[in-house]
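J.: Hints are included, so try docking the two chains, each in its own frame, into the full complex.
Taken in sequence, the protein lines are chains A and B. Numbering-wise (my numbering), the first sequence opens with residue 100 and increments by one. Numbering-wise (my numbering), the second sequence opens with residue 161 and increments by one.
Please note: incorrect hints may appear among the correct ones.
Here are the simulated lysine-lysine pairs, DSS-like style, with alpha carbons at most 30 Å apart [as the list claims (entries may be wrong)]:
(1) B:K232 / B:K268
(2) B:K268 / A:K351
(3) A:K351 / B:K267
Facing chain B, a subset of chain A residues (Cβ under 7 Å, in silico) [what the hints assert, rightly or not]:
(4) E220
(5) G224
(6) W331
(7) F335
(8) K351
(9) S354
(10) R367
(11) P372
(12) V375
(13) L511
Facing chain A, a subset of chain B residues (Cβ under 8 Å, in silico) [said to hold, decoys possible]:
(14) S168
(15) G169
(16) K232
(17) E235
(18) L276
(19) F278
Just so you know, these hints were derived from the structure itself, not from any lab. No residue lacks a Cβ here, since even glycine has one placed at the ideal position from N, Cα and C.
The primary structure of each chain is shown beneath.
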Amino acid sequence: MADVTLSPGRRTPLALRYPSVMIFLACLALFTLGVTVLAEGFGIGVISTSFVKTLGKTLCLCLVALAMDLVWGYCGILSLGHMAFFGLGGYAIGMWLMYARTEIIVAESLANQPLPPTPEEISQGIATQIFGVVGSSEFPPIWAFAHSLPLQLAAVVLVPGLLALVFGWLAFRSRVTGVYLSILTQAMTLALSLYLFQNDSGLRGNNGLSGLQNLPGLDHVPQSTVSIWFLWASAFALGAGYVLCAWVVSGKFGSVIRAIRDDEARVRFLGYPVEVYKLFIFTLTAVIAGIAGALYYPQAGIINPAEIAPIASIYLAVWVAIGGRGRLYGAVIGAAFVSLLSTWFTGGQAPDVNLGFYTIEWVNWWTVLLGLSFVAVTLFAPKGIGGLVDLIVDRRSPDRHGADLGPDEGALREKEAER
Amino acid sequence: MNTLLEVSGVSVSFDGFRAINNLSFQIGPQELRAVIGPNGAGKTTFMDIVTGKTRPDEGRVTYGERSQSLLKMSESEIARAGVGRKFQRPTVFEDQSVADNLMMALKKDRGPFAVLAFRPSRADEARVEELAGEIGLAAALHRKAGELSHGQKQWLEIGMLLAQDPQLLLVDEPAAGMTVSEREHTTDILVEAAKTRAVVVVEHDMEFVRRLGCKVTVLHEGSVLAEGSIDHVTSDGKVIEVYLGR
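Just chain B, same shape as in the assembly (with noise of 0.2 Å):
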């Protein structure tokens, strides 16, 4: 199979607690996956593996058409690789507007003299609009993103990973503090941007991973406990003792 993102044998401790142990993951280039555990099984330092945040002690990350190893790349590098990370906790830059978060977040060459002569043209204006409209911020393009309602935050950042185009999205409990007609909105979103690139949703809520109707991935302790469908996974016997049958 065609993979996007290959993890093998990756393992990471803190202070001698093993966050992530012997951890091997694929994901493909289309795909659409969630990735579930209860607190503590590694999910998080997964993803802070993958973005570069965390070393591991051991394994390889690679990635894209190429193969690279991601383990050598700074946070940028990789974010500029085509990576895009949305974190539990919406973070946005509160004390800028909506349209100038979203600018930020555009494709374009980041380097220094690259931005410092950037002005925006009438296309990069006219995708800002149209992915505020997508996240359903389109009245609020000159707001400033601190005013902005905790689900309208997440949406946002949504929004900015959209704009980024990244070729992997991982997405860090996006349902988050939403009403029910948030959370549709946002399976809706998720479920249209894992048709062109992969996406790795991190959820606790079942509801919310049964509506995206995707495979899944269950860690346990920093590893794979099981893997398949919703249905598949929710019958295993191990599954149901760590995670369901608490």
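Chain A with its partners taken away, still in its complex shape (with noise of 0.2 Å):
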């Protein structure tokens, strides 16, 4: 047949070609905007302060989500270790936003003295401030570069990366697959959760670091003005994130790192080195999830090693999970649907219910709720919220008659990928 040609508008514009890109960016575009004349910085002042945090904040993880969807929805690897490298990025960037500001205020502190103060008496002096809480006032070898910018920016890149490709390249290597994988990425984040809970790992233990929605030389601008800045930055950062992972996911690369979730052991026969995909998209989600956070928390103000926990990353894959695994815009509806949600129910705002016998306070029966929702969704709408596009714009899929899509263990089955 003549007619058939095989990419039907292959030379068209980005743009046209995926049209869920144009979509969700003036999508995020008009949030943005809205978001900005609602809020007290620079518009008419109905959305508070906090709350404009509170949609910023979920802008990041919304885009720890997408990475997230590209490492598990795509690739097919279920890590549930992700959240790490998020805390890393935060802790990363928290470093020099503490050093840089009790910098400030120990040198004013000590101009008032008679004799100008020496270098090293400064640096004891931010020392102290810092590290007085747990007992030390020398700074530990890890904050070198805590006083450069430029530095712990690019830390806040590396360090997730680099651990990412150590951890991905023994764990790939020797063919880790499907729950073991998981196991070993959760064992990892709990080791470093823990690690950093001691005092003497040099991040102050269980205090973490705080203070760090006041930017250093910037006392002078009212938070409801920085929070507006940070959200602008969220939302580009989403949006550039993921313009990359569309376009990662759409070319042939895409499909190589789908056939791998759906078939691992073909793609090698195919003569595609998996284990280097697998790595590649490991450390690329990796470097993502530590920028989300390096936004994240100048937002939350604080970050301690908490964050880190076994339990955040698992709440990052219901989260994917509920929005719709393998689809970009599931894993940002499913992270704002309930991460805003969580916010609402144990903020203190829903109801309580009172059944007579039993109230039911939210606070405490959220985790319930949703540990029941992400139940539901996987027997019952595997495709998550995000499928319900599907009713609407016509996707046509194989019918597999029951059978899964792939022998592999992240495959997708064949119930998320009908109609």
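T.: This is the structure in structure tokens:
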């Protein structure tokens, strides 16, 4: 048949080929604009600054969910440790924020002395301020670059990237897959979290890093303005991350990683070095997670080792599952929907339900509700919230008569692929 | 004789069971060969060894003009060196279109960065369409592979192998589950492919093997029992005893 062309519109611009990307970017721009207009910083002040921060943080969570979808939904690697990379990004930026701000405070307090302070005195003062809480007054070696914003920004990308590279290389080279890999990633994030809990880890133990919402040298700028800056930065990062992920999964690379998800062994016999691809995706998503964390924690104001406890990464998987794995907007919808709902329930805003004999307090019962919805989604709507889009857009999917799409444990199940 | 693949003195056991026992096998660069044998004769294990899925306990496997050993190479390296394999059960990527399946198999740089930057040229698209025509799937290019019939999936997998352009093609029971006319088409594709490369076909069906009209190797209990034309091996007393005279 001559009229069947291989790729309808492969020469058409990216925007038209991937309408979902354009729709997403438009929604994101509208949302950011709307919040800016309604917030206190530059607008009419209908939305409180703390809620702007919540929205900004939600955008960062959407970005890390995007990374999770790329590694799990597309490549079939159920990593339950990606929040470790998120946390590392937060720690990397937090070190600079804390150092630089303390430096200004110390310099001011020493300026009144008769003799101008020496650099050693300033450094000593900063160390005492930061590490007094863990009974130390010296900088641990890992703070060597904390004075430099460019170096700590580099660390936001490099530390999660290198950890993922080394961990992934060891795990994938030994062909650890499926549930064993998930357990290994849980162990990684647990080990990291336990290590950071120690006072002598050099990152203030369970106190973590705090005061991160104050930008050094910008004390005169009100938080209402700073929160809008971070909202913009987070929205930009999410938009850029979305385009990057869409680009990665669009072409032949996307074909190969989805093929790895569905039947890894077969991809090897096609000549593709499967382990290298997995390592590439694992490291790339760790870097994205690190960037998301670096934008999240200045809005949260505080980071401590509890943030990278194993449960955090499990929540991440739950968001992606509820939103619909294997589609980028699904991850974003899931993260935004569940985390905002979680904020509402745990913030005490949800009205308690009085059953007469028992009062359901949502602060406590929210986790149970979340767990039940996760089970329900997995059993009855494996395509998640994103699956609703298929009701509008007619998406064809193969009829497999009940069989899974591939023998691998990360493979998409038929229910997820069918209409 | 010029050989492309040489397997010599290879043995492998699983939990004490000798699946392959001192097997030696040779094939030339442009040759069609059928491998037959009863269940458990070691046909699939033989393919596993050549493609790097199973490591033999002893023996040598050398391949290509420079006689490189395949034993130290990973599955993907062996595939890149030019060994293609078709599995017994059709394994295509069901969630992706026929065109995507073929495009993925097309002989190109397999490195992640090259693949990331890859955009199909007109020539690549033409090649994919040509291959789809060869395997009778020209009209199904944009259908998902999972929607195809069993026979069509078998062909798609053969098409993917041809797209890989391997020097050595290992085909495990290509005609399983096919209708008579589909079988004839499959025979034509394989005979055609063997004009430019070596093709090893593992098959149960004697009629299919007869139609291929090539040299036949009979495996039994992990080693070669007989080798020669189909008429030669079917008249061999040992072969009749273990295989045909069941």
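J.: If you check each hint against the structure, which ones fail?
T.: Per hint list: 4, 5, 6, 7, 14, 15, 16 violated.
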